[in-house]
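Chemist: Listed here are the chains, written in short residue letters.
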Amino acid sequence: MRFKKGHVILRVFLGVLAFVCCYPIIFLLTGAFMGQGEAAENLRPVFAGGEGFAAWSLIPFQPTFRSCVELIFDTPDFFVMFWNSMKITGGILAGQALFGIPAAWGFARYRFRFHRGLFFLYIAMMMMPFQVMMLSDYLVIKQMNLMDTMGAILLPGIFSTLPVFIICQFFKEIPEELLEAARIDGAGEGDIFFRVGLPLGKAGIISAMVLQFLECWNMLEQPMAFFKTPSLWPLSMFQPQITAETAGTAFAASVFALLPAIWVFLAGHEFLEQGIQGYYSRGSASAGRHTG
Amino acid sequence: MSFCAVRKCVRKMIMKYEMEIKKMVSLYYFRLSAARGGRSRDRWGLAFVLPSLAGVLAFYVLPYLDVIRRAFVRTMTGEFAGLSNFRQVLGNPAFCLAAANTARMMGVSVPILVVCSLMLAVPLQKGIQGGTWYKSGLLIPMAIPAASVVLLWQCIFARQGFLNGLLHLFGIPGTDWMNTGYAFAILVFSYVWKNLGYSVILWIAALEGIPAEIHEAARIDGAGEWVIFFRITVPNLFSAFFTITVLSLINSFKVFREAYLVAGDYPDESIYMLQHLFNNWYRNLDVDKMAAGAVLSGAVLLALVSLFWKRWEGK
Chain A
1 MRFKKGHVIL RVFLGVLAFV CCYPIIFLLT GAFMGQGEAA ENLRPVFAGG
51 EGFAAWSLIP FQPTFRSCVE LIFDTPDFFV MFWNSMKITG GILAGQALFG
101 IPAAWGFARY RFRFHRGLFF LYIAMMMMPF QVMMLSDYLV IKQMNLMDTM
151 GAILLPGIFS TLPVFIICQF FKEIPEELLE AARIDGAGEG DIFFRVGLPL
201 GKAGIISAMV LQFLECWNML EQPMAFFKTP SLWPLSMFQP QITAETAGTA
251 FAASVFALLP AIWVFLAGHE FLEQGIQGYY SRGSASAGRH TG
Chain B
1 MSFCAVRKCV RKMIMKYEME IKKMVSLYYF RLSAARGGRS RDRWGLAFVL
51 PSLAGVLAFY VLPYLDVIRR AFVRTMTGEF AGLSNFRQVL GNPAFCLAAA
101 NTARMMGVSV PILVVCSLML AVPLQKGIQG GTWYKSGLLI PMAIPAASVV
151 LLWQCIFARQ GFLNGLLHLF GIPGTDWMNT GYAFAILVFS YVWKNLGYSV
201 ILWIAALEGI PAEIHEAARI DGAGEWVIFF RITVPNLFSA FFTITVLSLI
251 NSFKVFREAY LVAGDYPDES IYMLQHLFNN WYRNLDVDKM AAGAVLSGAV
301 LLALVSLFWK RWEGK
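First to last, the sequence lines map onto chains A and B.
Taking this note's numbering, the leading residue of the first sequence gets 1, the next gets one more, and so forth.
Taking this note's numbering, the leading residue of the second sequence gets 1, the next gets one more, and so forth.
One thing to keep in mind: the hints can contain errors.
[As the list claims (entries may be wrong)] With beta-carbon atoms standing in for the labels, derived distance ranges:
# : chain 1 : residue 1 : chain 2 : residue 2 : range
1 : A       : VAL16     : B       : LEU90     : 38 to 48 Å
2 : B       : CYS96     : A       : LYS87     : 35 to 45 Å
3 : B       : ARG87     : A       : LEU198    : 51 to 61 Å
4 : A       : GLY190    : B       : ALA54     : 15 to 25 Å
5 : A       : LEU98     : B       : ARG7      : 38 to 48 Å
6 : B       : VAL300    : A       : GLY186    : 49 to 59 Å
Keep in mind that the hints were calculated from the coordinates and are not lab data.
All C-beta atoms, glycine included, are put in the ideal place defined by N, C-alpha and C.
Input sequences plus hints: build the corresponding full structure.
Modeler: This is how it looks when you write it as C-alpha cells:
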C-alpha cells in the first residue's frame, strides 16, 4: 500500500513538472487568442509602466482570432521572415542530407587512413559553441564575399558535423554480415550504401534531421552576426517593438514561430529520443565492434 | 548441333550444378575481398567522406587555424606579437568577470541538471503508466524558440510582472529580477528547464545498459529499493555520469540566447558571460582579442572533448 502512495505522489510530481515545461506554449496560445484590448489591459504594467501589476488568466475571457488575422494581413515583414526561416532550415537540411549522410556512412563502415583522427576532428567541431568559431566563420565568409547573403548561414550550416556524428551511430549498428552478403551477391559499394545503408539507417537520418530542424529553426546567433539587411532576417529575430497595444500581435507571432517546431517535435519525438540516445548508449555499445 | 541445343545443354548443366557454382563464385569473391579487399574497399570510405570533409576543412578547420595564427600576430601591423594578445585578454577585467561568471554558471547549473535528471530517469525507466507522455512533456522545451520563452519571462520577472504582483499580495516588496543578482538564478532555471528532458533521455539510455539480472539477484537477496539504487545502480553509472556531465557542460554555452534576448548586450553583472564579451568584441571587430579568446576557450573545450572521446571510444 505504501508503495502505491509513493507512486501517486511521483506521478503528481511528474505531471506538475511536465506542465511547467509545457506552460510557455499554453501561455503563448492564451496571449495570441486574447483580444487586443484584454492583452493590453493585462500587460500594460510590463510594457508601458504605470501603476499596478501585470495580470493574467489561464484562458482568454473573449477568445478571438483578431491578433492572428492582424499579423497575417497587416505585417508583411513577418511573412518575409517566415519565408527566410523556411529557406535557411530547408537549405541547411537538404545540404546536410547530401553531404552528411555519405560521410556518416564512410565513417561508420570503413577504416581508411586517418579514420580516427578525422572523426575526432568532427567531434571536436561539433562540440564548439558558435562564439568560439565566430571569428573563423567571419573570416571565411568575408574571404568568400558571402557577408550579408544567405550563403553566410547556409554554407557553414550545411557542413555542421553534428548530424554526421548522430547518423554514424545508427549506421554502425547495421551488422557487417549483411554487407558481406550483399558484396558476395555482387553489389558494389555504392549499391550497398543506397540499397542497404539508407533503408536500414532511416531512423538515424530522421533523428538527425529532427534535431537539426529544431536547431536551425531557432538559430539566432549566426543571423545576428552575419545578416545586416533586415530582409534576410529569419523568424527567430522577429522582435517587434512591443508596446501594450501590440502585445497581442507579438504573441500571435510567437505562436506562428512555434507551430512548425512543435509540429516537427510531435511528429518526430520518438526519433528525437533515439537521436539523443545516440550520444550515449549507441556510442558505447558499438565502439570497437569491427576493427578490421 | 544447333545453337539452341547447346543452350539447352548448358542450362541443364547450370541447373544441375547451381549450388556448386554459387558456392565457388562466392568463395572466389570472398578470397578476392580478403586478399586485396581491405585496402581498396576502404578507399571507398574516403570517397564517401571526402565531399563533407572538404566543406568542414574549408569552413571550420582552416579558418580556425588562421585564427590560431592571428592570436600570435598584431593585426594592425601584421608583426609577430608573441603572447601579448593573450596577456591583453587575460588582463582584461571584462574577460575575468565573464570567465568567472561562465565558470560559476557551469558549476551551479550542471550539477543541478545532472542530479535532477537522474532522479527523474530512475522511475521513468522502470516504466510507469504514461511514461512516454511525461518524457515528451519534459522534452518539449527543446522545441520552443528562445524568443518565445523570453516573452514569458518578461511578463513574469519584469518590475511590474506576475511574480512581483504575486509577492505584493503577500505584502512582500518585489525587485527588478532581471537586473539584479537574481538574473543568475533565472538563467540557471532556464538552463535546467531547457535541458532536463534531454538529460533524462540520456540517463534512461544509461540505465537500460545495466543488466536486469543484477537487480533481480539483489532483490532475491533481500535488498531494498534504496539499497539497490545506491549499491548497484549508482556504481554502474559512472561512465554515463561522465558523458552526461561533459555534454551538459558544453550545452551550457547555449543558455546565452535567453540571456541575450532578455537583457541585451550589457546585462546585469552577474550574467555577463564569455558569449556577451565575444559578441561585443565582434561588434568592434577586435580581431586580436577575439583570436586569443577563441584559442583559449577552444583549448579548454578541446580538453573536455578529448576526455569525452576517450570514454566514448571505450579504449
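Chemist: Hint by hint, say whether it matches the structure.
Modeler: To see whether the hints hold, each was checked on the structure:
1. In this structure the supplied range 38 to 48 Å holds for A:VAL16 paired with B:LEU90, their Cβ-Cβ distance being about 45 Å.
2. Distance hint for B:CYS96 and A:LYS87: a CB-CB separation of about 41 Å, consistent with the stated range 35 to 45 Å.
3. At about 53 Å, the CB distance of B:ARG87 to A:LEU198 agrees with the hint of 51 to 61 Å.
4. For A:GLY190 and B:ALA54, the hinted distance range of 15 to 25 Å is satisfied, since their beta carbons lie about 19 Å from each other.
5. Against the hinted window of 38 to 48 Å, the Cβ-Cβ separation of A:LEU98 and B:ARG7 comes to about 47 Å, which satisfies the hint.
6. For B:VAL300 and A:GLY186, the hinted distance range of 49 to 59 Å is satisfied, since their beta carbons lie about 51 Å from each other.
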